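The task is to assemble the complex, starting from two chains supplied on their own in separate frames and drawing on the hints.
Here's the letter readout for the chains.
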Amino acid sequence: MTASLAPPRKRQLHAPKFILAGPAIVWWVLFFIAPIVFVIYYSFGTKDTTKLLPVNMSSPSLHNYHQAFSSTFFTTFKATLKIAITATVLTTVIGFPVAYFLAFKVKEKWRAILLALIIVPSFTSFLIRTLAWRIPLAPNGQFSTWLQDWGLIHGPISILETRTAVQIAIVYNYLGFMILPLFVALDRIEGVLREASKDLGAGRIATFAQVTLPLAGPGIAAGVLLTFIPMCGDYVTATVLGGAKGNMIGAMIDQQFRGAQDWPLGSAIAVLMILAVLLILGIGVGLVMGVQYVLKRRRRVTIAQLEALT
Amino acid sequence: MPSRPEPIKILAPVGYREHLSRRALLQLGAGSAGLTALLAACGSSTKTAAPTTTAAAPTTTGATTATTSAPTTAGTTAGTTAGTTAGTTAGTTGTTAASGPVTYSTVVNKSGGTLNMYTWGAYNDPSIVGDLAQTDLNITMKVDYYTSNEDLITKLSTANGSSGFDVVVPTGPYIPQMIQKGLLEKFDKSKLPNIVNVDKLYLGQDWDKGNDYSVCKDWGSTGWMVNTAKVKTPIKTWNDFIAVAMGEASGNVSVLDTGANVLGMYFWANGIDWNTEKKEDLDAAEKFLVDQFASHIKAFDSYPSTKIATGDYTLSMAWNGDARAAFQDIEDAKGDTSVWKWGLGTPNTELWMDNYCIPTGSPNPDAAHAWINWLLSPDISIKDLKYHGYNSGLKDMPGLITKYAPDLKRSDMIFFADAQVATMRTQRITSAQSRIADIYSKIKAKAGG
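So the protein sequences, as listed, match chains A and B. Add 2 to a position in the first sequence, counting from 1, and you land on the number used in my numbering. Add 1 to a position in the second sequence, counting from 1, and you land on the number used in my numbering.
The shape of chain B in the complex, shown without the other chains (with noise of 0.2 angstroms):
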């Protein structure tokens, strides 16, 4: 990642210093941005009323071939990555890339005003939610973060329709009930000319089949982070990382702050259906976890990265694109990252997508469209991956990647292979939800006891 601002020159480790630089510079970002806002306001009032579309005709980009660039630099890719979603077995490879020339729509419609997202911690390149998409959008942009999928619900619901927010980007499961709540507003597609750029496999999910409300920012998975310099035993399955939490790292590991992955990690173990509704399974789940599993536990933490490069963990359980990011903190904290291993959950793990949609009520929709269009722009959207470490799924992203990232660390940590994806389990939200909710209070509080 090689956009990070510069550190603050401070007494804390390096890997800490660049958490600190990343995240303050967003908030002075957000601060001055927000400042200019109420200036511009105080102005004129119609400027932001009469967005100018300087709409480049489409335009062909790169017209590389899939077959002939299989990347050399992704270990593990084979062709494009089929991200299979809940039970739809569509995903064999190389779908959409197999004939001739793929072709990109690089349309950029300026727009003008704020724009407010709602999204998860350092989920997007710092130029792309700053200088960037000042220059080319004529946007300022202003960030808040959220934890939880549930978190952001419950602060769209709370402030029905006033929230003041333009993008927010839940997770796929999660989007029924926000539109059920009347909680997202319906696309303008004629403004996101750049949609076709996604790969169809990312495309129509079950969660918005016509992509009425939702498109695919990225997709990712579950893993577990190890230092094998503290454990010995190698971890292969979920059933090792459960062993080995419970043995030598006891103590010293991290998990999720999610319930879905805590309990997750229990079922992929024992080859229960993660989505189970069974009383027996999660009467099953709550006796281990609680009784025996709790205690072992350091933190709930979603984002371990940086802790991982201070120190804090011995084994976590981690999103890939945050497992990289901590190889690159440990690299800047003058770590040793050799003795550190990535590893992908094992037998089943998790599949997850994220999607950018516009909050009912956003206050400047027309930027917002411009800049989810602008992202879905394959030279934007191999930016951003580069800094967030999560397959953008785009078409023909071994084409991309060569075209625009060939330096690219660590590819075999954003794309998996068909067999690996065939792995992934997609989660759904069941009857189950209120029954996870208070296991995982158990679990906390158990842990914490």
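So here's chain A without its partners, still in its complex pose (with noise of 0.2 angstroms):
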């Protein structure tokens, strides 16, 4: 730290720190905060059509809770879990090998021209490079034809409308939310760190293991965090390629507010939603925390028991 060694600084007026932090806090008030206290002051009240918005709240109740704790939230809650987690398994799994590639395999020339070919298909708009799906996909789409012609499978394709085409494409639109914090993560471990671990006895796993998944920690969290919680509220993937047996809970929440008008229910569910993911990640961050503690108890070394060895 430098800290102690800049120059003592004249006294001067300034305003406290958090002004920089300004413009995000006012934009975050207005745009999330705001908004999700509507959600779950709405998530009270009862559905009024006859009104401008459709939401009555003169007696205020637990009802559209109980109504979305039905068996129909749960299969679709479920559903949409499954998908998600599957989908960040699977994002991490491929993700990991291409970031780890990218952060030491690969000469700098190159590098920034991969990393451009991960971020360009993100030019295009989410919904057309799930839309474009459909193509490969078709029954009796080009592909399904060739497939069928060479012998790889027989009848046509029939992906399409299925959890399936929602799992392989969902998979995809994520990959790259995935990959950039994994790069970021072990682009900054430093070369040093590993030389000293092979210096010091380790093999090529054992450095793995013990030295940059460690310190790839924060960028898993990170890649875990940014394809996860979008994962389980989107609905685009799910309406325009899962057909009925894709239904995921986003699609049921946009169901209710612009299907049914029932702004109420759509509001409880969402905050049940919201609920249940927050206490995902919570087990989850749970579960690693559990997972150090037990490793760095079994890795413990005294000096009783170094003595204890020479």
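Quick caveat, the hints were computed from the structure, so don't treat them as lab data. One should not assume that every hint holds.
[Said to hold, decoys possible] Taking lysine to aspartate or glutamate pairs in the DMTMM-like style, the calculated list, with each CA pair at most 20 angstroms apart, reads:
#	chain 1	residue 1	chain 2	residue 2
1	B	Lys-443	A	Asp-256
2	B	Lys-210	B	Asp-189
3	A	Lys-80	A	Asp-256
4	B	Lys-387	B	Asp-132
5	A	Lys-109	A	Glu-192
6	B	Lys-187	B	Asp-213
7	A	Lys-53	B	Glu-186
8	B	Lys-201	B	Asp-213
9	B	Lys-237	B	Asp-213
10	A	Lys-53	B	Asp-152
11	B	Lys-182	A	Asp-50
12	B	Lys-404	B	Asp-152
13	B	Lys-384	B	Asp-137
14	A	Lys-109	A	Glu-197
15	B	Lys-410	B	Asp-337
16	B	Lys-342	B	Asp-413
17	B	Lys-156	A	Glu-192
18	B	Lys-335	A	Glu-197
19	B	Lys-443	B	Asp-284
20	B	Lys-190	B	Asp-213
21	B	Lys-156	A	Glu-197
22	B	Lys-201	B	Asp-241
23	B	Lys-384	B	Asp-408
24	A	Lys-80	B	Asp-292
No experiment lies behind these values; they were computed from the predicted model shown.
Structure (structure tokens):
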């Protein structure tokens, strides 16, 4: 830390430091906190389509939560979770080698180009990229015909309008959001640390497992957060490719707001979903911390033990 | 439909290309329209303020007599089709066309500026919302789409008069609540002289007796498309539809993405009033649809036509115009249309009517009136009909078809015989709405589970 070496500053009037965060705070309060407060508020109301905003707040109750806590919600929520968790695991497994390759194996001059290639697809709209999957997956499409001509499949492709289609596309849609934070985390690991590990006798696998992977932890966490949470709320992928079988909770909330004009019930489901996602993340964090604690204890070497060794 | 744009050359099934190009072009048009509007707005603000009215005096066109012009192209047409709605038993054939030549008003009012329309997908001929509107009316069109009336109402009510749309197209039963919420603006009827062209059967509907807020765009019904190469059982009624959906076609069935239609299928099949508010009827529908039917559904899809062409469905519930478009899409995809069969729902089915309306706060009501009026002139109305495939409800449709579209294909899917129309029912918005929405959510959840 170099702070103590800096020359003493002249006293001057200055605004409190959080002013710098002012624009962000205003933005978040207006467009994040306020809407969420409204959603929570509406979730206690009753549907009233005679009003411009179809919510009647005259007799607030927990009725919507009672209704939302139905088997309907749980069936769809389970399906959503399954898709999101599978996809998070897949993006991590697919994304990690890519990020590792970019951070350690690629020559400096190629790295920027490869990174750009990962970002380029997101220049196209999310919706268009999702919709584009319908072309190769179409049962009567050219791709399907080729596969059949080559004898790779019997009968037309039948993936569209299933959960598999949603799973494939959702992994594709979010892969970039996993690779980038992983790359940043891996890239920041100093080469000397890995060299030191090798000097101290660790093999490639041991170096990876005990040095690289733990140091990449924050990147993995960021990647999981950046993919898992939006996946839980994703409804574009499910709506475009999922048909009846790929119904996700986001689509269900949308259905309540736009289809049924039942804002209170939609709000209640949204609140439940936020709580459920927080709960799952909490469980996830707990698990990771537990594993870390156990590992730390197991690897702890006391002076007495060292002395016993020598 | 001869006036479709050139398909984009991509690795896609031909049917899908059509879909892409149609939408893509519309959107390109919309984008550039927005840009021109912006430029125009920067240039001069007086442009839209003074619309020129080159009022061509109402002239008589056509003058075909109804009696002689029964179309040879239409298989089952009987004079003017009687579209009775909601209990009114008025519709006997040829009410307006019976005596002497039919005359039409063909006033075209020029306007200016940009016209923003919010409507259903693939619902207007691309040239009518593109070049033609530009040349005939001096209007630049920008079109956006919604998929349900609730969607439209939500958008308009949350914007509270600042949605920026000039024309919207709600279905009849939803109009009263829109008027009550103040979402619609009254017509200036002096700017809609062509309204006289609409058959009296389609004017003065229950939801807007004086046509102060709405005028018929077109009306249609609901039935099914079935791939007879894969389904051997003939489908004659909604009961057959349900049986096949749960049998031979299980897992490859699409139903319209509206609760009213999915429940309607059950009610129509079982001879129950579509607008029932009885608890036992709704309970029975829920029990059957959720526990037994839902798991066989592949998709909730209000426009199955393109996906029928790409081979996604074996059996689809569809609106007649979209089903008709499916045949075109299959042809374009070099598929075999002969295996596909259209069937109109029996013993009962739906009758819906969509209406042109002007939302409150429309930035350019003059252009909105000019455009709606233009769409009510016979030649434009028929040109549009050829694209969307729904009866646009003008006087003496057979005569107009003979005159403007003698080559119209599959007109039996557009015009229905009186006996068929008599089996059609109009939806009402009742106290059961919430329950229907709830059942529909359950069906959707079950179908995904």
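Hints, one by one, checked against the model:
1. B:Lys-443 with A:Asp-256: holds, 14 angstroms
2. B:Lys-210 with B:Asp-189: holds, 16 angstroms
3. A:Lys-80 with A:Asp-256: holds, 17 angstroms
4. B:Lys-387 with B:Asp-132: holds, 17 angstroms
5. A:Lys-109 with A:Glu-192: Between Lys-109 (chain A) and Glu-192 (chain A) the Cα gap is close to 16 angstroms, so the pair holds against 20 angstroms.
6. B:Lys-187 with B:Asp-213: holds, 6 angstroms
7. A:Lys-53 with B:Glu-186: holds, 18 angstroms
8. B:Lys-201 with B:Asp-213: holds, 15 angstroms
9. B:Lys-237 with B:Asp-213: violated, 40 angstroms
10. A:Lys-53 with B:Asp-152: Roughly 15 angstroms separates the two Cα atoms, so the pair holds.
11. B:Lys-182 with A:Asp-50: holds, 12 angstroms
12. B:Lys-404 with B:Asp-152: violated, 38 angstroms
13. B:Lys-384 with B:Asp-137: Answer holds: Lys-384 (chain B) to Asp-137 (chain B) is near 14 angstroms, not above 20 angstroms.
14. A:Lys-109 with A:Glu-197: With a Cα-Cα distance of about 18 angstroms, the restraint between Lys-109 (chain A) and Glu-197 (chain A) holds, given a limit of 20 angstroms.
15. B:Lys-410 with B:Asp-337: holds, 16 angstroms
16. B:Lys-342 with B:Asp-413: Given that 20 angstroms is the threshold and the Cα spacing comes to 13 angstroms, the pair holds.
17. B:Lys-156 with A:Glu-192: Violated, at roughly 53 angstroms.
18. B:Lys-335 with A:Glu-197: violated, 63 angstroms
19. B:Lys-443 with B:Asp-284: holds, 12 angstroms
20. B:Lys-190 with B:Asp-213: Measuring from Cα to Cα gives roughly 8 angstroms; hence the hint holds.
21. B:Lys-156 with A:Glu-197: Violated, because 60 angstroms separates the two Cα atoms, which is more than 20 angstroms.
22. B:Lys-201 with B:Asp-241: Given that 20 angstroms is the threshold and the Cα spacing comes to 36 angstroms, the pair is violated.
23. B:Lys-384 with B:Asp-408: Answer holds: Lys-384 (chain B) to Asp-408 (chain B) is near 12 angstroms, not above 20 angstroms.
24. A:Lys-80 with B:Asp-292: Distance of about 19 angstroms is within 20 angstroms: holds.
In this structure, the hints that do not hold are numbers 9, 12, 17, 18, 21 and 22, in rising order.
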